[in-house]
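Undergrad: If you want the building blocks of each chain, they are given just below.
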Amino acid sequence: MEKRAVRFRLGETLVFLGPLLIFLIVLYGMLLWTIYVSFSDWSGTAPNFRFAGLKWYQLMVGLDRFWVDVRNNLRWLLLGVIPTVVIALFIAYLLEISPIRGIEGYVRTLILYPVAMSFIVTGTIWSWMYQPDKGVLNTIFRALRLDFLTSNFVNDPKTATLWLIVIFIWQYLGFAVIILQSSFRTTELQEMIEAATVDGASKLRILFDVIVPNIRSGLLILVSLLLISTLKVFDIVYIVTFGGPGYSTDVLAFFMFIATFQQHLVALGAGLGVIIFLIAFIVVIPYTLYAFQRWFE
Amino acid sequence: MSKRWLIVVTALAVLSLVLAACQPQGVVKTVVVTQVVEVKGTPEVREVVVTATPKPEERKLEIFHWWTAGGEREAADAMFKAFKEKYPDVEIVENPVAGGGGVSHRVVLQARLSAGLPPDTFQTLGGAELKSYVDGGYLVPLDDLWAELKYADVIPKPLANAVTINGHPYTVPLNMHIQNILYYNKPLFDELKLTPPTTFDELINVAKAVKAAKPNMAPLALGAKEKWGAAFVFDSILLEVGGPEYYVKLYKGEIDVKTDATFRTALEKFKELIPFINTTNPGLTWDESCGLLVSGDSAMVIMGTWAIGYFKSRGWTPGQEFGAVTFPQKPERILLFHPDTYGLTKGAPHPKTTMDWLRVVASPELQIPTDVIQGGLFARLDIDPKEFPDPIRQELMTYVRENPTKLILDQHGSIAPFSFTQAYWDAIAAFVVAPDVDATIKTVSDLFTTYQVKEGAAWYQWP
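Residue numbers (the numbering used here), protein chains in the order written: chain U, 1 to 297; chain X, 1001 to 1463.
If you're looking for bench data, these hints aren't it; they were derived computationally from the structure.
Do not rely on the hints blindly, as some may be mistaken.
To be verified - If you want the footprint, here are the derived chain U segments under chain X, 3+ residues with CB under 8 Å:
id: 1; region: 19-26
id: 2; region: 37-45
id: 3; region: 88-98
id: 4; region: 119-131
id: 5; region: 164-176
id: 6; region: 245-256
In this text, a Cβ means the ideal position worked out from N, Cα and C, and glycines have one as well.
Given the sequences, and given the hints that come with them, work out the whole structure.
TA: Right, here's the structure in full:
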């Protein structure tokens, strides 16, 4: 009788533990496996697990491309996150205080649309917009006699990454607005805004002194989600520039793909994966954990 | 007690049957089944030996290829039609992966190969790419098949060399794509009374003349988004400045680029050409760059034989709207090429069917319809060049028949290892946007050492 009870409990536990175990094995098992491969000597199509120490890491840090990637990834982290949050904050606030009733719903839908599309689609559309010769943007600028605004966009190696980040901001803006708006809508905050309005505070003052300090949890979760999205950026680069011109818009994730599957340098690709993980570990994960803690407080 | 034994033994028997079923088919297998039968409490053991008769191989062919785009899909269909005509009983299982040049194909294929689940046969270019699969131990040498077909006698020697690694042929090539062809807008050339250039100086002069007459035009079109487009142009310049021997030596890593005068001269000449190239090049794919000729934005483009199909799909007729010359033709008229090939994988589930397939790949019955549609030249020299509908390939094929040794591997079926070539394309594509000769020499020179080109390319023999 007792035996049966134990078995029953074991089965019950397994139902809940099973998915977790699978998750742990798939995620952390693969992570450990990647780290292991990065120390092996696997170059070529056939697996080769001979230990090579830091050989491929040494090769990696000797490559100019690697440092261009690190720089670009940091750019993505900074410029992909901060402007998105700031602009979204203003838009969300504007929608909240908009005097025209009903317009808010339409505008929100409008800016939310890009989030629903895949980067493959938006990337293709934007590469048509950016085309220097016959692209939408330059054609409009020329027609309006605003020739000083025309640009080579993603064809200029110096600014190309920035134009790619613009696509990201455009796409994630609606998402950011939604998260911020929802965090405006707590009873306490609404009461505070009302009180401030009664006291005669200006709209801007309310935004910075009342709203921003009180939506910290919303901001925290938004920033952490954006950090994760920018760190793993791959598709925009793949579609719009393919890392070019040269490798000026390359990012670590894209180089990982090229190294592993085009150059057949699997150990190097695994090493790049480890570097991405390290950046995530140092920058994103502590922040996210902190943010989620605050969120659930 | 004996009941437990029964369970264990039965389980073992079932397991051994399952394991035996996992063996490759066609192997004669012997299974020993041990039965324990309970007779009045005393266990009696009987042994039954079952010997399976060899099962004939299933007539099935699993094939990986990347011919999915317009024109290519039709070529793949022509290929399978030719095979079906000869072997109607075979079921073809296609695993096409879209993506020009096999970029995505490689990802899927690599996963299947390293997991030990090879398809029967897969498309691969000759040269460095093929070598990477041979080095991985994924292909079976085809010496017997080549001897049976006498294939080495009917194809050009450089083509045979491109698929021969360590003395063994590993695949059967079905075509040859030529890289260094300069296409030009014929009505425009007639209007400006220009002759198609065959040397670098002529190219510059023509470019200047076009620029003078049509200031809005970029005389030479280039699409460098996929990176290799820029290397095509540079290869042509290298070939003229250094000659064929130099070209081979360079990509075999036998030249010290850092101090080499020829490489520097070639880069400087390339720099001279850049003002005549469309500035939109980093964002354009190869077909978009050819599109610049059709839209009247450019007068010339250096592109492979596959561009013929593209121009035709845009309604241009060879010899009327566009013409083609191989470039350069000095000091020698060399054609840079790569083949599409198929081989037999190690551990292929249907090796016999695959060998039948390879016999068809080598045959004119497959090569004529496939190559005419897909855009390359015939691998076999004994096919009449008149089979090609366009004068461009008729002329090229005739030239190859008369000069079968004037072929050298190009960027795609590269001489240097793939790890180097990919990075090299980046460097050359970057040069077009920011032409810094010294920096590029340093970058390229580092690439040669980083990716150990000398060791990796030692296999290549030319002529």
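Undergrad: State for each hint whether it applies.
TA: How the hints compare with the structure:
{"no.": "1", "hint": "19-26", "in the structure": "violated (count 0)"}
{"no.": "2", "hint": "37-45", "in the structure": "holds (count 3)"}
{"no.": "3", "hint": "88-98", "in the structure": "violated (count 0)"}
{"no.": "4", "hint": "119-131", "in the structure": "holds (count 3)"}
{"no.": "5", "hint": "164-176", "in the structure": "violated (count 0)"}
{"no.": "6", "hint": "245-256", "in the structure": "holds (count 4)"}
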